[in-house]
Amino acid sequence: MSTPRMYRIEPDALNELIQSLRQQHYTVIGPTPRGAAIVLDEITSTSQLPIGKTDEQAPAQYRLKERGDDAMFAFSAGPHSWKRYLFPPVLKLFSSRKNGEGFQISEELPSSDHEEKYALLGVRACDLSAIQIQDKVFGGGTYQDPAYVRVRNQAFIIAVNCTRAGGTCFCSSVRTGPRARVGFDLAMSEVLDSEHYFIVEVGTDRGENVISTVTSRAAEDGEVEKAEHLIRAAAQSTGRSLEPDNTREILYQNSDHPRWDTVAARCLSCANCTMVCPTCFCATVEDTTDLAGTSADRIRKWDSCFTLDFSYIHGGSVRPSSKARYRHWITHKLASWVDQFGTIGCVGCGRCITWCPVGIDITEEFRVIRETYLMKRGTNPNKE
Amino acid sequence: METLERILSQHPFFKELGVDYMQLVTGCASNVRFEQDQFVFREGAEANQFYLIREGRVALQLFSPERGHITIETLGEGDILGWSWLIPPYSWHFDAKALDLTRAIALDGKCLRRKCEDDHHLGYELLKRFSHIMGQRLESTRLQLLDLYGVRS
Amino acid sequence: MVPRPYIVKRIRKDTVDTFTLELGPKDGRSHFSFAPGQFNMIYIYGVGEVPISICGEPSNSTLVHTTRAVGSVTKAMSKLRRGDIVGIRGPFGTSWPVEQARTRDVVVVAGGIGLPPLRPALYHLLAHRDAYGKVVLLYGTRTPDDILFKEELENWRARFDLEVFVTVDRGTPGWRGNVGVVTTLITKAGFDPTNTIAMIVGPEVMMRFTALELMKRGVKAEAIYVSMERNMKCGIGLCGHCQFGPLFTCKDGPVFRYDQIKDLLVKWEI
Chain F
1 MSTPRMYRIE PDALNELIQS LRQQHYTVIG PTPRGAAIVL DEITSTSQLP
51 IGKTDEQAPA QYRLKERGDD AMFAFSAGPH SWKRYLFPPV LKLFSSRKNG
101 EGFQISEELP SSDHEEKYAL LGVRACDLSA IQIQDKVFGG GTYQDPAYVR
151 VRNQAFIIAV NCTRAGGTCF CSSVRTGPRA RVGFDLAMSE VLDSEHYFIV
201 EVGTDRGENV ISTVTSRAAE DGEVEKAEHL IRAAAQSTGR SLEPDNTREI
251 LYQNSDHPRW DTVAARCLSC ANCTMVCPTC FCATVEDTTD LAGTSADRIR
301 KWDSCFTLDF SYIHGGSVRP SSKARYRHWI THKLASWVDQ FGTIGCVGCG
351 RCITWCPVGI DITEEFRVIR ETYLMKRGTN PNKE
Chain W
1 METLERILSQ HPFFKELGVD YMQLVTGCAS NVRFEQDQFV FREGAEANQF
51 YLIREGRVAL QLFSPERGHI TIETLGEGDI LGWSWLIPPY SWHFDAKALD
101 LTRAIALDGK CLRRKCEDDH HLGYELLKRF SHIMGQRLES TRLQLLDLYG
151 VRS
Chain A
1 MVPRPYIVKR IRKDTVDTFT LELGPKDGRS HFSFAPGQFN MIYIYGVGEV
51 PISICGEPSN STLVHTTRAV GSVTKAMSKL RRGDIVGIRG PFGTSWPVEQ
101 ARTRDVVVVA GGIGLPPLRP ALYHLLAHRD AYGKVVLLYG TRTPDDILFK
151 EELENWRARF DLEVFVTVDR GTPGWRGNVG VVTTLITKAG FDPTNTIAMI
201 VGPEVMMRFT ALELMKRGVK AEAIYVSMER NMKCGIGLCG HCQFGPLFTC
251 KDGPVFRYDQ IKDLLVKWEI
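Residue numbers (the working numbering), protein chains in the order written: chain F, 1 to 384; chain W, 1 to 153; chain A, 1 to 270.
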């Protein structure tokens with residue numbers, strides 16, 4: 001593809017897109033309001049999208065608001081991320097049945113491909129980066145997670161460029177957004193002023209095939225430019241930033257920083273940040289039996305480095321203090337992730353800030369450590 | 001005496017002590033032999049020697065009425081045994097018992113003490129060497145105290 | 001990754017809390033091949049799965065695991081009987097540098113339950129004895145009752161091409177062997193520090209001090225290898241539990257070169 005193919009579609013055509021995907025046996029997952037939040041779930045029509053809704057986000061704060069218009073994507077990342085579909089929170093790995101002295105193990109495989117064939121509608125640029133990071137985690141090494149790879153390979157991705165900065169996001173500083181660059185089949189930008197339309201950029205041939213089933217026309221330059229302008233404005237209005245360079249040096253050299261005590265005094269070790277994080281990939285397994293002991297299952301579940309059990313080796317946890325656990329989390333996310341996967345593990349979605357019950361802000365915690373690093377560089381830190 | 005001097009000067013403990021001092025040390029040295037289960041010294045006795053073990057093993061022990069003889073540490077070939085001769089009140093704090101037939105070179109502490117008082121440079125050299133050994137013993141005792149292999153609960 | 005069924009051929013109690021499992025493939029599959037230092041994930045039906053280093057002879061058809069009954073899974077494992085089935089995933093992880101050690105002296109230092117992960121390396125060294133210089137085993141345990149593989153140690157001690165030193169932290173009445181931590185043995189062993197490969201397994205503190213003592217004798221940090229323990233759930237670097245700084249103990253380890261982890265070893269709660 002030499003130049004990106006750009007189409008203009010009308011809001012009604014978005015419904016055609018959903019139906020077309022459904023006809024191709026995709027389960028369409030998209031944002032939908034539930035209770036007091038916008039979550040991800042199966043949708044069968046655009047009417048289930050959060051039409052006219054937006055969110056106000058701040059540390060430890062999330063509120064839905066009515067906008068009084070027809071905007072479909074005028075909100076930011078919610079508590080769910082797409083990893084729930086590619087890397088499910090609970091997954092049965094195998095069942096075993098008692099069989100005389102021994103047992104018989106049968107691997108849990110999907111009953112049909114259809115079940116796991118997802119079309120992800122409304123993937124923000126930050127979350128698109130998160131998916132690419134998890135691709136490296138689960139599919140890029142010597143060992144792969146077959147369940148992830150299977151679901152991921154089938155997934156159809158429709159990105160949505162952000163035309164509004166959320167209250168806690170910082171994607172532009174970590175260079176993941178607000179515009180989707182790669183890794184999508186289709187990417188849409190919503191324009192809503194005197195008229196309401198979507199600019200659709202085609203990322204793959206598969207995307208081209210799908211968009212060709214929908215009422216569309218080639219986008220005019222002015223229409224595209226209007227969308228681009230909105231994306232640029234979103235980038236400029238982002239209120240937070242995290243400087244992604246030299247994170248390894250900064251954090252590795254400050255493992256004894258007094259800030260760890262300050263943050264530990266606030267951190268509840270509740271694990272919310274790891275649950276809402278779109279890149280956190282830790283999991284545990286549970287082996288359970290039925291009451292009679294005739295069958296036993298192994299279940300994989302999301303786990304969090306904030307629990308005591310997480311690092312347990314006989315006699316105790318390797319990280320008994322919440323100070324060490326917070327330090328581990330942020331150091332992993334911003335520093336050791338680079339050693340492990342060649343990129344930081346933070347995409348700037350801001351979820352961990354919004355959903356932290358005490359409002360701990362990763363950008364602020366890192367900024368303090370970074371300032372010490374910059375100050376100490378080349379000087380004796382203990383010199384008066 | 002020639003062989004004694006050679007053995008002593010080849011021992012890491014006396015490394016780079018200098019020819020004059022080596023002669024002086026050799027003058028205070030004598031070969032000794034302990035049969036299996038023979039005590040090299042007893043707790044409370046006057047400490048007037050230290051030993052350079054050439055062969056065999058020696059157990060440093062304490063006696064407790066409830067537990068009998070408790071071995072704190074065993075020393076063997078190449079080890080230096082005893083530093084109570086160097087520090088007042090110059091009396092042994094442990095029992096030292098040969099576990100096997102043990103051959104050692106005994107160094108006369110009384111004689112060395114006097115020479116150290118007369119020549120503080122010699123005193124410093126010996127003290128430096130002993131503090132290294134004390135440091136090592138302290139470190140291994142600390143590790144023993146940690147009871148590293150116990151099941152933690 | 002699903003466990004493969006293995007049948008318990010024999011279970012032996014080694015000490016009051018340590019036991020050895022001898023396993024064979026249930027479906028008669030061929031020889032289990034592994035490199036010394038690697039581990040398996042052993043699954044006990046309905047109870048759970050734990051990482052246990054492989055302890056037997058690499059060329060032997062029987063898969064041997066020696067471990068201590070300390071958690072729910074290892075306790076259930078200690079109650080297995082001949083004919084019972086366990087699940088095996090593996091082998092996983094890095095191995096001892098037995099190839100790099102060729103032509104050099106080899107010092108093997110084990111503390112407590114650290115001997116089993118080193119045993120396959122010793123078997124390898126003895127099976128290719130001519131390829132190596134001096135081979136020394138230094139082994140420290142808590143008490144004389146905790147010494148593992150006593151008979152084998154006696155046999156090894158009788159060999160003229162292997163130096164074996166055993167010490168205990170606490171002697172018991174009647175114990176005439178060495179008393180003192182394992183690091184005190186390092187000065188006793190005959191090896192050329194400039195041409196030596198060292199392999200250490202034991203509690204982290206023991207490994208740190210052993211490495212320091214070896215370096216005091218002149219062994220380079222790059223010639224020292226240690227085997228680390230962390231919580232392992234998946235064994236293949238996907239679940240995140242066993243992270244040790246940037247390293248996944250299960251796939252980047254458990255055997256690490258000391259100079260590559262020595263800075264991590266002295267960080268608290270890493």
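Don't take every hint at face value.
What the hints assert, rightly or not - If you want the footprint, here are the derived chain A segments under chain F, 3+ residues with CB under 8 Å:
#1 2–10
#2 15–23
#3 93–105
#4 230–243
#5 260–269
Read the hints as simulated data drawn from the structure, not as lab findings. In this text the structure is predicted, and so the values were computed from the model without any measurement. Note that CB positions come from ideal geometry on N, CA and C, so glycine has one too.
Hints versus structure:
1. Restraint check on the stretch 2–10 of chain A versus chain F: 4 residues with Cβ-Cβ distances below 8 Å, three needed, restraint holds.
2. Chain F is given as covering the stretch 15–23 of chain A, and this is violated because 0 residues of the stretch bring a CB closer than 8 Å to a CB of that chain, at least three being needed.
3. A count of 0 residues in the stretch 93–105 of chain A with a Cβ less than 8 Å from any Cβ of chain F is obtained; the coverage claim is therefore unmet, three being the minimum.
4. Under the rule that three or more residues need a Cβ within less than 8 Å of chain F, the assignment of the stretch 230–243 of chain A holds, with 11 such residues.
5. Remark: the stretch 260–269 of chain A is confirmed as covered by chain F, as 3 of its residues place a Cβ nearer than 8 Å to a Cβ of that chain, reaching the required three.
Checked against the numbered hints above, the structure breaks hints 2, 3 and satisfies the rest.
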